[in-house]
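Chemist: Residues per chain are reported as follows:
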Amino acid sequence: MAGIAIGESEWEVTVPEKPLKDKLYFENLKAKVIDTNLCSRCLTCACICPVDGITAVDGVDFPDYEAKCTDCGACVRVCPRFVYEPKSGLGTYIEFIAGRSKRFAGQDGAMVTELIVSAMEMGMIDRGLFAGRDEKWAIEMFHVRDPQQLAIPTLGGTKYTFADVLPALKKAVRFTKRGVGVVGTPCIVSGVRKLQQEFPIFREKVKLVVGLFCTENFHYDDISKFLQEKGVDFDKLIKTDITKGKFIATMSDGEKVKFKVKEVEDIVASGCNVCTDFTAVESDASVGSVGSAPGFSTVAVREEPAKKVIEYIKEKGYADFGEAKPEELDYLINLKKGREKNITKPI
Amino acid sequence: MKKVTVPEQSLGEKVVKHAAAIKVAMKESVYPLTATVFYPRERKKMPDNFRGYLMFDPDKCISCWECAFVCPANAVQMKEAPNKRYYPTVDYGKCIFCHFCVDSCSGGALKTTKIHDVAYKDMDEMLTLTEEMIEEPEIIREDKKLVEYEIDEQDLHLKRTREEDTLFVEVTPPVEIPMVSQCIEPESCLGCRICEEMCESGAISSIIERQVVKMAIDRDKCTGCGLCVKECSMQILRLVRK
Ligand SMILES: Cc1cc2nc3c(=O)[nH]c(=O)nc-3n(C[C@H](O)[C@H](O)[C@H](O)COP(=O)(O)OP(=O)(O)OC[C@H]3O[C@@H](n4cnc5c(N)ncnc54)[C@H](O)[C@@H]3O)c2cc1C
Ligand code: SF4
Ligand code: SF4
Ligand code: SF4
Ligand code: SF4
Ligand code: SF4
Chain A
1 MAGIAIGESE WEVTVPEKPL KDKLYFENLK AKVIDTNLCS RCLTCACICP
51 VDGITAVDGV DFPDYEAKCT DCGACVRVCP RFVYEPKSGL GTYIEFIAGR
101 SKRFAGQDGA MVTELIVSAM EMGMIDRGLF AGRDEKWAIE MFHVRDPQQL
151 AIPTLGGTKY TFADVLPALK KAVRFTKRGV GVVGTPCIVS GVRKLQQEFP
201 IFREKVKLVV GLFCTENFHY DDISKFLQEK GVDFDKLIKT DITKGKFIAT
251 MSDGEKVKFK VKEVEDIVAS GCNVCTDFTA VESDASVGSV GSAPGFSTVA
301 VREEPAKKVI EYIKEKGYAD FGEAKPEELD YLINLKKGRE KNITKPI
Chain B
348 MKKVTVPEQS LGEKVVKHAA AIKVAMKESV YPLTATVFYP RERKKMPDNF
398 RGYLMFDPDK CISCWECAFV CPANAVQMKE APNKRYYPTV DYGKCIFCHF
448 CVDSCSGGAL KTTKIHDVAY KDMDEMLTLT EEMIEEPEII REDKKLVEYE
498 IDEQDLHLKR TREEDTLFVE VTPPVEIPMV SQCIEPESCL GCRICEEMCE
548 SGAISSIIER QVVKMAIDRD KCTGCGLCVK ECSMQILRLV RK
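Just so you know, the protein sequences line up as chains A and B, in that order. For the record, in the first sequence the residue sitting at position 293 is 293 according to our numbering, with numbers rising by one throughout. For the record, in the second sequence the residue sitting at position 126 is 473 according to our numbering, with numbers rising by one throughout.
No lab work stands behind these hints: they were computed from the structure. There's no promise every hint is true.
[To be verified] Calculated lysine-lysine pairs in the DSS-like style (CA-CA distance at most 30 angstroms, straight line): (1) Lys68/A to Lys391/B; (2) Lys577/B to Lys177/A; (3) Lys205/A to Lys561/B; (4) Lys577/B to Lys68/A; (5) Lys171/A to Lys370/B; (6) Lys21/A to Lys561/B; (7) Lys577/B to Lys171/A; (8) Lys561/B to Lys18/A; (9) Lys170/A to Lys349/B; (10) Lys225/A to Lys177/A; (11) Lys561/B to Lys23/A; (12) Lys68/A to Lys561/B.
Here the structure is a predicted model, which means the values were calculated and not measured.
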């Protein structure tokens with residue numbers, strides 16, 4: 001589905017079919033994805049919407065779409081869940097390794113940060129999109145253009161809330177000269193691929209897509225309320241982690257608040273309940289914590305660009321490498337594959 | 348250090364130079380030559396590119412704000428006109444007469460005059476509103492003579508004639524390069540038709556036939572204003588030479 005030139009001053013655009021014929025495209029998206037709880041909140045739709053009308057305050061919505069929506073259908077064209085083809089498994093990879101950056105500190109082995117910074121050093125990209133946070137753990141997107149910016153310690157590390165990576169990508173592809181590196185959960189990775197499939201600018205400008213292993217994510221209001229009820233003081237909170245079925249919040253004074261992940265089951269975002277992709281199979285490289293020793297990141301190197309960056313890291317000696325065990329991912333891969341049954345059949 | 352000395356001169360040369368100096372002194376005492384122009388009774392003839400009081404032609408203004416952005420003294424402020432367009436105003440309390448605004452105006456809407464007597468009774472009057480910049484300002488002319496500087500090999504002479512110079516300059520309009528909007532990457536078009544909505548000349552049209560949006564730009568109607576280029580969120584429209 002794309003536009004083609006007819007003459008010097010004429011062109012045609014093929015737009016998607018509307019399941020609900022008399023409704024606007026956004027109403028179709030709402031009916032088919034948002035209201036059916038399929039929406040992953042990846043914000044691919046918001047990234048492409050020409051009037052920037054789609055927001056994600058209380059879930060994804062377009063508050064005054066009657067007045068502002070141009071009914072172009074771009075949101076429907078790029079939404080990875082409009083025609084949902086759930087992906088799962090370990091995916092293909094060239095190399096499956098454990099790594100620990102010698103230069104950066106991160107959630108696990110800081111291999112995500114290392115990949116982006118090394119790609120920047122190599123000249124493959126001139127900026128990387130990082131999900132930083134404010135003192136209340138609300139996510140703020142950063143366009144990192146110089147490794148020195150990583151002196152901000154909050155840029156690395158996992159935040160268990162949704163990040164507006166794709167709306168930030170819209171700006172990034174416009175300003176970049178060499179290319180952009182993106183980091184995101186599997187749903188965000190799928191969104192990037194959809195954008196690349198549809199629009200040349202994303203094919204040309206997004207040069208490295210790093211996926212994160214992901215079981216679930218939370219809306220900011222829900223998780224912050226929950227953590228506060230658990231007695232977590234956000235001013236002291238320095239790290240959040242989910243390992244071996246436990247949510248662990250680490251404080252600056254070394255204190256840890258731990259509880260079973262089961263307790264947050266009710267506030268898991270609805271889109272995650274229908275998400276089957278644990279390892280971001282569509283990424284250039286996927287990074288997570290399961291599968292390797294503590295302090296290491298597990299890295300599935302899938303595509304050529306990521307392989308080049310890993311080779312560069314090895315050559316420069318920027319990281320220690322070790323063995324990773326793909327079979328350790330089986331439990332979570334299967335857990336997520338099991339969510340296929342939650343997917344409601346299309347209207 | 349190098350010592351500066353009087354140049355060597357022969358006696359003959361010294362006599363000639365002294366005689367020339369005495370001649371000038373005598374001539375000046377009889378018919379003094381000054382460079383003073385007796386304003387306001389006389390007025391100096393100014394060149395056409397003199398940086399004077401500013402005038403404005405709203406028909407040529409495209410409300411691009413360039414003049415307001417470029418003004419180093421912040422003297423140019425854009426104000427909304429009854430037709431909802433924004434036009435410049437000039438505060439002569441701030442203006443340093445650099446005429447960067449005139450140079451920046453792509454349509455030639457701002458133009459100079461040879462009026463240098465820009466004097467006001469109070470600060471408020473110094474803020475010149477758009478409508479005051481359109482009409483030629485009323486100024487009291489007391490000048491009876493026009494003075495021109497004439498420079499020959501030796502000297503500067505003032506040539507006085509009994510005439511009144513016009514203070515308004517006719518500017519040759521800038522050479523317009525005809526441009527039209529063109530879609531440079533149809534593959535990325537969303538079919539949002541925001542360009543069509545933006546175009547004030549009705550140059551962009553679209554026809555929706557089932558799943559296909561047919562877009563077209565009428566090259567004859569397009570004035571090359573660039574509004575569509577600015578508004579296209581995919582940035583796939585460009586102005587090209589017609
Ligand atoms: C919501 C979520 C759930 C996860 N669940 C699992 C899991 O179940 N099992 C597992 O093994 N690993 C999981 N991970 C991945 C893991 O927590 C680490 O992010 C991963 O191992 C990389 O660690 P690192 O030290 O190499 O990364 P770092 O070098 O610390 O970099 C982390 C990167 O992640 C980005 N980031 C952080 N939070 C978000 C966010 N919410 N959205 C988008 N980008 C973000 C940052 O911008 C940064 O670039 C999850 C990550 C997230 C964000
Ligand atoms: S303007 Fe286009 S992309 Fe935005 S909501 Fe409407 S149909 Fe979707
Ligand atoms: S899944 Fe993503 S693209 Fe689809 S509606 Fe939700 S946020 Fe938008
Ligand atoms: S589980 Fe992770 S990848 Fe899947 S929808 Fe939720 S946040 Fe996105
Ligand atoms: S350049 Fe101006 S006149 Fe031409 S199509 Fe665009 S908006 Fe219309
Ligand atoms: S504004 Fe841009 S994307 Fe939208 S229809 Fe016009 S050319 Fe296409």
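Chemist: Give me the numbers of the hints this structure contradicts, sorted from smallest to largest.
Modeler: 1, 5, 9 and 10
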